Amino acid sequence: GEDVEQSLFLSVREGDSSVINCTYTDSSSTYLYWYKQEPGAGLQLLTYIFSNMDMKQDQRLTVLLNKKDKHLSLRIADTQTGDSAIYFCAESMNTGFQKLVFGTGTRLLVSP
Amino acid sequence: DAGVTQSPTHLIKTRGQQVTLRCSPKSGHDTVSWYQQALGQGPQFIFQYYEEEERQRGNFPDRFSGHQFPNYSSELNVNALLLGDSALYLCASSWKKSGAQETQYFGPGTRLLVL
Chain H
924 GEDVEQSLFL SVREGDSSVI NCTYTDSSST YLYWYKQEPG AGLQLLTYIF
974 SNMDMKQDQR LTVLLNKKDK HLSLRIADTQ TGDSAIYFCA ESMNTGFQKL
1024 VFGTGTRLLV SP
Chain R
886 DAGVTQSPTH LIKTRGQQVT LRCSPKSGHD TVSWYQQALG QGPQFIFQYY
936 EEEERQRGNF PDRFSGHQFP NYSSELNVNA LLLGDSALYL CASSWKKSGA
986 QETQYFGPGT RLLVL
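Protein sequence lines correspond, in order, to chains H and R.
In the working numbering, each residue carries its 1-based index in the first sequence increased by 923.
In the working numbering, each residue carries its 1-based index in the second sequence increased by 885.
Derived by calculation from the structure, the hints in this document are not laboratory data.
Bear in mind that the values here come from a model prediction, so they are computed numbers and not experimental data.
A hint or two may mislead.
[What the hints assert, rightly or not] Cut-off 25 Å, straight-line C-alpha distance, at most; resulting in silico cross-link-like pairs (DSS-like, lysine-lysine):
#1 R:Lys-981 to H:Lys-959
#2 H:Lys-979 to R:Lys-982
#3 R:Lys-982 to R:Lys-911
#4 R:Lys-981 to H:Lys-979
#5 R:Lys-911 to H:Lys-959
#6 H:Lys-993 to H:Lys-959
Using the sequences provided together with the hints, build the complete structure.
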């Protein structure tokens, strides 16, 4: 089945770390993605991880994947007010032609 | 390098009308996917076009149709509009030949309001 779940809301102070969590159900997913959406805008690709990896770091972003528990997390170090947005995780369903299955999104609010 | 572009940015229609949304993929990309994002929800996959054919379809009725042109641009058509079709419509492009790691890049979306 295809189902991706995320917590709805996270509030942090500027300079703290943020951790956004996601669970997915399809063990055949090949890649898992994190996208950022600012108000009124489209989706911006942040990072992705291949399903046979357990960690990927990209500047302030760290992605952790626990394949056994089908749990994905995105850690943002030194969170800034400009990081306030909705964050979506998505699993890729590649049956020859890729489609993305998205979670409902986590709204991150960063206060000064 | 232009990213994914979509037109129009906003659109207001009434129930029963038909609408056409347009998308130009990122340079070098050959595949276009369309998603519907209702307010407060994550995007839902509508369909994907590659080599001018619909290759994969999500759980959307036949009122939703599309087309891909030889230059890889695409259109999404929705007939007999319902109030529930009000949403942000997102186009994403990718490069099929990149294989399993076929990262999709999204446009800014078209916001459709059906009255």
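Against the structure, the hints:
1. R:Lys-981 to H:Lys-959: 23 Å, holds
2. H:Lys-979 to R:Lys-982: 24 Å, holds
3. R:Lys-982 to R:Lys-911: 15 Å, holds
4. R:Lys-981 to H:Lys-979: 24 Å, holds
5. R:Lys-911 to H:Lys-959: 18 Å, holds
6. H:Lys-993 to H:Lys-959: 21 Å, holds
Going down the numbered hints, you'll see the structure goes against none, and every one checks out.
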